[in-house]
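Novice: The chain contents come next:
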Amino acid sequence: MTARGDTPILEIEDLNISYYTRAGEIPAVIDFTLTVDRSETVGLVGESGCGKSTVAWAIMQFMGNNGAIKSGSIKFIGHELNDLSDEALRQLRGSEISMIYQEPFAALNPSLTIASQLMEVPITHEQVSKKEAWERCAQMLSDVHLPDPQRIMHAYPHQLSGGQQQRVVISMALLSNPSLLLLDEPTTALDVTVEAGIVKLIADISKKFGTSQIYISHNLGLISEVCERVYVMYSGEVVEQGSINSVFTRPKHPYTQGLFGCIPLPPTDKNAAPLRPIKGQLPLPHKRPRGCNFGPRCDHFEAGRCDARNVTMVPVAGSDVVDHRVRCLRWNEIDGRGPPAQAKAKPPIELGERVLEVKHMQKYYEVHDRTIAAFISGQSIRFVKANEALDFDARRGETVAIVGESGCGKSTFAKVLMGLECSSAGELRHEGLEIGNTLVNRRSSQQQNALQMVFQNPNDTLNPSHTVGAQIARVIEKFGIEKDKNKIRERVLNLLDDVKLPRDFYFCRPRQLSGGQKQRVGIARAFAGNPSLVIADEPVSSLDVSVAAAVTELLMEIQREHQTTLLFISHDLSVVRYLADRIVVMYLGQIMERGTTEEIFAPPYHPYTEALLSAVPIADPDIEKREIVLEGDLPSALDPPMGCPFVTRCPRKLGEICEQERPLMQSLSREHAIACHIPIEELQHIEPVISVSPASERLRAK
Amino acid sequence: MFVFILKRIAFMFITMVVVSVLLFLLLEISPGSVATKVLGPYSSEEQRNLWLEQHGYFEPIYVRYLSWLGNFVTGEFSESIRFKVPVSEVLWPRLGNTAILGIAVFAVMIPLSLVLGILAGMREGSKLDRTISVTSIVTTSVPEFASAVFLSALFVFWLKWLPGTSGMAEGFNLKELVLPVMVLVLYDFGYVARMTRASMAEVMTMPYIRTAVLKGLPYNKVILKHALRNALITPFTVIMLQINWLLSGVIVVEFFFAYKGFGALLLEASLNQDIFLIEACAMVAVFVAVATQTIADIGYTYLNPRIRFS
Amino acid sequence: MANATVTTTPESTHWTALKRAIRSFALFRESWIGMIGAAIIVFWILVAIFAPLISPFDPLATLQPFAKPGTTFVKGGTFLLGTDHIGRDILSRLIWGSRTVLIYAPLATFTAYAVGILMGLAAGYQRGWVDDVLSRISDIVLSFPVLVLYIIIIATIGASGVNIIIAITFASAPGVMRIVRGLVLDLRSRDYVAAAQIRGESAWYIMLVEILPNARGPLIVDACLRMGYVIITIGVLGFLGLGLPPPDPDWGGMINETRQMAMAFPHMALFPCMAISSLILGFNLLADGLREISLRD
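Chains as they are written, first to last, in this note's numbering: chain H, 1 to 702; chain C, 703 to 1012; chain L, 1013 to 1309.
What the hints contain is simulated information worked out from the structure, not anything from laboratory work. Bear in mind the structure is a predicted one, so any value in this text is a computation, not a measurement. A couple of the hints might just be wrong.
Chain H stretches covered by chain L per the calculated footprint, using a threshold of three residues with CB under 8 Å from any CB of chain L [what the hints assert, rightly or not]:
1. 433-446
2. 452-461
3. 465-478
Each computed DSBU-like pair below joins lysine-lysine, with the alpha-carbon atoms no more than 35 Å apart [said to hold, decoys possible]:
4. Lys923(C) - Lys207(H)
5. Lys478(H) - Lys500(H)
6. Lys287(H) - Lys829(C)
7. Lys130(H) - Lys923(C)
8. Lys1080(L) - Lys962(C)
9. Lys927(C) - Lys130(H)
10. Lys208(H) - Lys923(C)
11. Lys877(C) - Lys1080(L)
12. Lys200(H) - Lys927(C)
13. Lys862(C) - Lys1080(L)
14. Lys75(H) - Lys923(C)
15. Lys208(H) - Lys927(C)
16. Lys1031(L) - Lys279(H)
17. Lys962(C) - Lys131(H)
18. Lys70(H) - Lys923(C)
19. Lys478(H) - Lys1031(L)
20. Lys829(C) - Lys1031(L)
21. Lys70(H) - Lys927(C)
22. Lys1031(L) - Lys500(H)
23. Lys1031(L) - Lys287(H)
Note that the Cβ used here is the ideal one computed from N, Cα and C, for glycine as well.
Let the sequences and hints guide you as you build the complete structure.
Specialist: Here's what the structure looks like:
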């Protein structure tokens, strides 16, 4: 298939896709129309279940056993894909249209070497010799900036890190120089700093090879940084489309506007400008409302009009950018800033006495190495330094965020604090009492009650075998807060009120609840005994944006009410910036920097904090970021560098000293400290990573 | 990897030693009853004591165990009570017969169950899949002794095609092998086929199969290169462990068809309280079982590069 | 599921329980394989319960040897399935024999499960040396070919109902333990278990209340399969002459007593074989249906 003139690479028109399940036909994508031009990058954004991935599978004509394209056309450079024979389709896949997947590890065959998985692409599509295939593959691996391509060719997928695996998948997709590249959440499974590298690579590719791309993501920030145009999807439909600039600065659809109200962009702040969650939740595909799908959740809903009949896409008239379209009847009547009533400013929380003190706390794990080499050298026991010399504290009512990527030791710290593990050395005091060496069963009932936890995975946090009510009641019963059965129940019902769940949920089993509802129950359970300190381990990271905002707000509200100290563990700096009073930045088990939120987000930075700030995508085209892309991947916690843990990736590395000596904490203020060999004076001269252009329309509107 | 193999082999020997201790305790803890079993219930007290004296039964128990174990390792079993010949003289030929039976069963069962399992697993939920699944549930529901009765009734009583016993009185006869093999295959193939099907069906849903399809590979290459490599790891283990099951199956089948094999010997020894023969047979059976398990474990790690290279 | 579906008030706990029961039955109805299996099992349970009412003759009475199926008895009645070599009515013996198998098989499976679950919970949750010891023991027991183990045990301790249960428990509990241990290892890392640990719950509370109920799905499926194996085992022991001592009717024993005559009178062994196979098939089909449903939900 050769390109002719200026035919768009991909034209999708009025596409309808349904899945057929036992419950009947479920429309997954409705009236979908999209065009991708030559070397253009188009974003498809939406929450889980909105049908964005289904579109990608439809382009690939890979619908599985129970899915089918019902109507509409998908034209690739003028050729109708829906009519292609299996053989023609096979020749197209992997050579003209390629795909990059969400989980690189799962996408690679575990029992074949990288070489054999890569080489079959040119061998199948271009019938080249094995030798030539090998050379081309090795070249492509070095094109995606993988070190030592020959070694990687011989490796099996599990011997590579997540970032390397994704680079291999990308190189596999590029081997035949496709005209169209589909990227389905290509960085979701990766750490932020690794993600930044992949995003940059993808951007370079489209420039270098002129490949058209469809970038699918739930992350508005990523879409904003990668794409030129965007399609916002909600419940199977595109609700708004247009250029990034137009859609992201002047969103017209209430859902798009709602999404922006839900993500903590730099001007928002938990006290001055709280998030504005979208009410309700995504409708199930077979229970979509009449008329506008967003109707029941919309603040501008007009009965009799919005729910009368299906809404069609209309061009946004008067906008300076062409092709901004929106699926809303009232787009002209609403101003797009949401009702200000929801976003009331709140007074800051008064901080009380010190609740938690951590001094030089260490946690090492023993690892038994069973290889012969280790056996011979006598080093069969090695230590994983999960936590090394942690130092910080937390006050009553304060929110302290612990930030870091995978393997930084934040979850280990949570385990030690909760008494599921013992610390190896140092002090860990809760209300003055040492608890680092006391496992939870040895702690007094009072201490058990005082330290509670909110977990990450909503599907895992509640026991599927017991009712919601019973699980909350057990906490109240266990800590003897109430003895009488009726009083316990009364209290549970009140807690359900507190977390804004209907009282009916008392007798529900967890599987009847949505992810956000489960997290609310998890919060109710943690706060049931009125603890003095709650540790929340990424409580909203697996929730959809609109739900996450509501749960975050709820957590903040309950914390405020109970004057609880909150330790908030997260990898997401923008959430942390929004809700934390103080921040601890960790890398490979060590604290790199700590300080108040303002201190962390302004220079002087630790070089790692600086890179982390640059890596977090921001969904605002007006915000300018200095680009810092870290080389390589996170080192293994089993084998950390000798000196500064960040030395292997640090762009500001001084030299020998960084490799040999562990940097000491340099104090800048009462709270602010940085562990780096670079003198503070020098760090102070670093430019801010994030700057808001003064002409920002969004800011002016706030 | 090397350490792993050593550990598996060491564990195999530990298991053998523990089993030997248990057997010894179970069968030889009281010398009096050993003598009674050897010399018969009508022997006199003096005869028994004399016999015990001669065979060193008045030594301390650990000395007895160690010398017993020593004899075992060197292959010097005692004399069978029932056959009145050294145990090894009956044991080895019988074991050879059973090996013939076992090889024949595997030669039929492995290709049959793998092909059926792969065909069913390739297209999960298809008519072929459901037919194969239901068939294999039905065949695994008929125990060997029942299918032996059914098949004899059919092929021996009604059709008169095959002989009803497999004593091989006039030397080796392939016809006499047919029914025992058929019975064992019928019971075993369903299980292996279902395991293969499950493994294949699971692999077919894996994202890497999707990757292979969307790379534009021809379908047969997706199956042969990408799916089978991963899908056959589990069946390999299952087939190795099937040897353990087969050791149970041969007892029933050899008993039913009067086939002069190891299973029938073990049963005969137990029914006649021929303790030395029981000991020898049990040790051999456990050795075969543990050895195949070890091979299965090592093979599994070898086939799985994720384990092999870590 | 959306909260819109939940319309019950906190008072209606019995209602929701009933609704759930109805819904799971409706789910079950969709697996015709499971339904057939359940029907076969229910059939045999009814036969066992009403044995005295429906059996045409006394199962122990020697009436007329070597009667073919359908022979009329001189003193009235018909031997629908014929008689055996000493003249007992095969149909009556089959009907009464269902009692034997339906008492011993569930009992043996139950004891094997009780022991296996306790071992599995302890090994999987406590880990450490408890796990090592229990796992090694079960490895050793499982390394025996099953039937060899049974033969040695029964040959040593003698054949009786209780001994059969002991032997089956001894041989099957390690297998149950392995499954339970595997499930526990998976479930113990769940956040709700951590939540219970943080509350300071005792180990037994966590094992029995937080973990075990969530392992029930795979365990029920396995129990059905294992029930099939236990029935086979009881049958094989009877067939090898190591089963329940005569004269009580026992399917495996009936096959053993009459298989010598199988060449001339195949009906004597054929019908007990059909009976035992159908019951095993019932449990295997039920297990398959249950697995199918659990995968769907």
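Novice: Would you mind marking each hint as holding or not holding in the structure?
Specialist: Cross-check of the supplied hints:
1. 433-446: holds (count 4)
2. 452-461: Holds, because 7 residues of the region 452-461 of chain H bring their Cβ atoms closer than 8 Å to Cβ atoms of chain L.
3. 465-478: Holds, because 7 residues of the region 465-478 of chain H bring their Cβ atoms closer than 8 Å to Cβ atoms of chain L.
4. Lys923(C) - Lys207(H): Between lysine 923(C) and lysine 207(H) the Cα gap is close to 34 Å, so the pair holds against 35 Å.
5. Lys478(H) - Lys500(H): holds, 24 Å
6. Lys287(H) - Lys829(C): holds, 33 Å
7. Lys130(H) - Lys923(C): This hinted pair holds, its Cα atoms lying about 17 Å apart.
8. Lys1080(L) - Lys962(C): Holds: lysine 1080(L) and lysine 962(C) sit about 32 Å apart, inside 35 Å.
9. Lys927(C) - Lys130(H): Status holds; Cα separation ~16 Å.
10. Lys208(H) - Lys923(C): holds, 32 Å
11. Lys877(C) - Lys1080(L): Distance ~30 Å between lysine 877(C) and lysine 1080(L) Cα, so the pair holds.
12. Lys200(H) - Lys927(C): holds, 33 Å
13. Lys862(C) - Lys1080(L): Roughly 20 Å between the alpha carbons, so the hint for lysine 862(C) and lysine 1080(L) holds.
14. Lys75(H) - Lys923(C): holds, 28 Å
15. Lys208(H) - Lys927(C): holds, 33 Å
16. Lys1031(L) - Lys279(H): Judged against 35 Å, a Cα distance of about 30 Å means the pair holds.
17. Lys962(C) - Lys131(H): violated, 59 Å
18. Lys70(H) - Lys923(C): holds, 30 Å
19. Lys478(H) - Lys1031(L): Holds: lysine 478(H) and lysine 1031(L) sit about 30 Å apart, inside 35 Å.
20. Lys829(C) - Lys1031(L): holds, 34 Å
21. Lys70(H) - Lys927(C): holds, 33 Å
22. Lys1031(L) - Lys500(H): holds, 26 Å
23. Lys1031(L) - Lys287(H): holds, 21 Å
Hint 17 from the list above is the single one not met by this structure.
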